Amino acid sequence: MSELIQALSAQEIAGIDAEIAHVPYRSAVAIEALKIVQAHRGWVSDESLRAIARHLHMSAEELDGVATFYNLIYRRPVGEQVILLCNSISCWIKGCDKIQKRIQEQLGIGLGETTSDKRYTLLPVTCLGACDKAPVLMVGEELHENVDTHSLSRLFDDGGGTSE
Amino acid sequence: MSLDLPLTRNVRPDRSPTDFAAYEANGGYRGLRAAIGKLTPAECLQVIKDSNLRGRGGAGFPTGMKWSFVPMDDAAAGHKYLICNADEMEPGTFKDRLLLECDPHQLIEGMICAAYTIQADIAYIFIRAEYHRAEKLLREAIAVCYEKGYLGRDILGSGYRLDMQVHSSAGRYICGEETALISSLEGKRANPRAKPPFPQVSGLWGRPTIVNNVETLCNIHHIIERGADWFQALGLTEDAGTKLYGVSGRVKKPGCWELPIGTPIREIIERHAGGMEDGYQLRGFLPGGGSTDFLTPDHLDLAMDYGTIGKAGSRMGTGTMIILDDKTCPVGFVKNLMEFFARESCGFCTPCRDGLPWSAQVLDDIENGRGRPEDMHTLARQVEFIGAIGNTHCALAPGAMEPLQSAMKYFREDFERHISGGACHFCEGGAH
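In order, the protein sequences belong to chains L and Y.
Counting from 1, position 42 in the first sequence corresponds to residue 42 in our numbering; the numbering is continuous, with no gaps.
Counting from 1, position 187 in the second sequence corresponds to residue 187 in our numbering; the numbering is continuous, with no gaps.
Okay, chain L solo, but in the shape it has when bound (with noise of 0.2 Å):
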């Protein structure tokens, strides 16, 4: 029993309380806390789900019912970086179909893939509300506007490995 609720940190601990304090019951934090942990450790691995399971008395399973719904919390290890590929339709006009053939030739990865040396991850996003500037893609938290080849050879310069 302790050994599962040390799989969580006291930061953790504290970060996910913080968010209890403003709800009516504590399983309405479950994607606060799923974030949370994800920040700390890069995904959400089966330990760290039923600890929070535990921790915000619910079960297990429907915490990852939760998890598994949003695109954003990553129930497999990712990456160092994320990249978030936009590929929704003013993107596509714009060509995002060769940007991410240019990824692949460059990183060796195709949408849901890690680069080799664990530095990249591509995943496709929903419109990222910059279709004046398609396409655009996020590395991490920075969004790049109006990307083609010249600025991903940039963007990628000194890095990726080639996939598994």
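Honestly, the hints are just simulated from the structure, not real lab data.
One or more hints might be untrue.
As the list claims (entries may be wrong) - Simulated pairs of lysine-lysine, DSSO-like, Cα-Cα distance not exceeding 30 Å:
{"id": "1", "chain 1": "L", "residue 1": "K98", "chain 2": "Y", "residue 2": "K327"}
{"id": "2", "chain 1": "Y", "residue 1": "K195", "chain 2": "Y", "residue 2": "K252"}
{"id": "3", "chain 1": "L", "residue 1": "K133", "chain 2": "Y", "residue 2": "K136"}
{"id": "4", "chain 1": "Y", "residue 1": "K253", "chain 2": "L", "residue 2": "K98"}
{"id": "5", "chain 1": "L", "residue 1": "K101", "chain 2": "L", "residue 2": "K118"}
{"id": "6", "chain 1": "Y", "residue 1": "K136", "chain 2": "L", "residue 2": "K118"}
{"id": "7", "chain 1": "L", "residue 1": "K101", "chain 2": "Y", "residue 2": "K38"}
{"id": "8", "chain 1": "L", "residue 1": "K98", "chain 2": "Y", "residue 2": "K252"}
{"id": "9", "chain 1": "Y", "residue 1": "K195", "chain 2": "L", "residue 2": "K101"}
{"id": "10", "chain 1": "Y", "residue 1": "K195", "chain 2": "Y", "residue 2": "K253"}
{"id": "11", "chain 1": "Y", "residue 1": "K195", "chain 2": "L", "residue 2": "K133"}
{"id": "12", "chain 1": "Y", "residue 1": "K49", "chain 2": "Y", "residue 2": "K195"}
{"id": "13", "chain 1": "L", "residue 1": "K101", "chain 2": "Y", "residue 2": "K253"}
{"id": "14", "chain 1": "L", "residue 1": "K133", "chain 2": "Y", "residue 2": "K327"}
{"id": "15", "chain 1": "Y", "residue 1": "K148", "chain 2": "Y", "residue 2": "K38"}
{"id": "16", "chain 1": "L", "residue 1": "K133", "chain 2": "Y", "residue 2": "K49"}
It should be emphasised that the depicted structure is a prediction, and the values quoted were computed from it without experimental measurement.
Mind docking chain Y on chain L? Use the hints.
Coordinates of chain Y only, in the frame set by chain L:
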């Protein structure tokens, strides 16, 4: 000619954020002072009703009427909630980001006035996770408002109390649907709920709740300060106010501009967006995001307002247009949208969960030269069944059918040519 453009008056060319001091120096928080302690909530509601403000998130429902269903008598004692929907994800929509990043205090002032009108005691800003910059600015702006006494207990000595929080989401388009948003804010899977009960009566944690779009809320204090007549006079047609319009696709100057509501489509595309890029012709456009019906060059002289676009067979939606040019395949265009909607279905209702991937598969077959003549009939049946309001809890699936049904009407020859030719005739030199 200098236009009165209230929503973007603090938007700078470099898009740097307007801070509290600059906001107040430019007339900010006057609407709040005009409302709280000066007008009763009922008087505020009447001004919003009289203004004819309609929701700017896409559906266009009259804001005052929406609010009027919130119980206001003593029987409604207990928490009431106001939620700002800042979960901008409609394909081709990039207007709320501008308001959030450039003028966070405008949204907060609008929200305080809206919350006061419905006597909400807790307000949330539900913002998509990817809008990191806006989230940070909003959190800072809210902290300043607590310091200045515009939030918290006893605002301006009126006895009115309001707390405000930011909730950063974790993805999924469906969270923008108001009942799904409420489910998500409760920490659950974002499945939309059947209505009734409507959120105004039973929303967040079973309490009366109003969910409004960012742009809608940014209008509220301007209307309260300057009056319903002023707001009505801003519009060029029967609709009131200004609207953030946007154009994306192969135009010379894609962008987003605040203009009087009812501005002709031609003026938006040709003057503000600079017309088509050299070498490209306009074939059609979605007037207000990815779930609106196509219009064509024949519609360019229509006024961009709710009624006019509705009569033309589409919807103004979010007011941000997506351009289909003559070198982009209409089948590929609709296939991209359908794959988006299929991916973003919450999976609760069968027509949406199973129907949208089926439509996407048929479109993929046609686009890749595997289409059969009977596929056109299959797609028409899907439009009829999935597009019908009432077969699903929310409007995601019917919305997904709008670009498809209108593409089959206006660009039918392209679908048929894919099928008869066994290939996409745009694949050389097109968007692919």
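Right, here's what the structure says about each hint:
no., hint, verdict
1, L:K98 x Y:K327, "holds, 16 Å"
2, Y:K195 x Y:K252, "violated, 43 Å"
3, L:K133 x Y:K136, "holds, 22 Å"
4, Y:K253 x L:K98, "holds, 22 Å"
5, L:K101 x L:K118, "holds, 20 Å"
6, Y:K136 x L:K118, "holds, 28 Å"
7, L:K101 x Y:K38, "violated, 60 Å"
8, L:K98 x Y:K252, "holds, 21 Å"
9, Y:K195 x L:K101, "violated, 44 Å"
10, Y:K195 x Y:K253, "violated, 42 Å"
11, Y:K195 x L:K133, "violated, 38 Å"
12, Y:K49 x Y:K195, "holds, 23 Å"
13, L:K101 x Y:K253, "holds, 26 Å"
14, L:K133 x Y:K327, "holds, 20 Å"
15, Y:K148 x Y:K38, "holds, 19 Å"
16, L:K133 x Y:K49, "violated, 37 Å"
The structure fails hints 2, 7, 9, 10, 11 and 16 (numbered hints given earlier, in ascending order).
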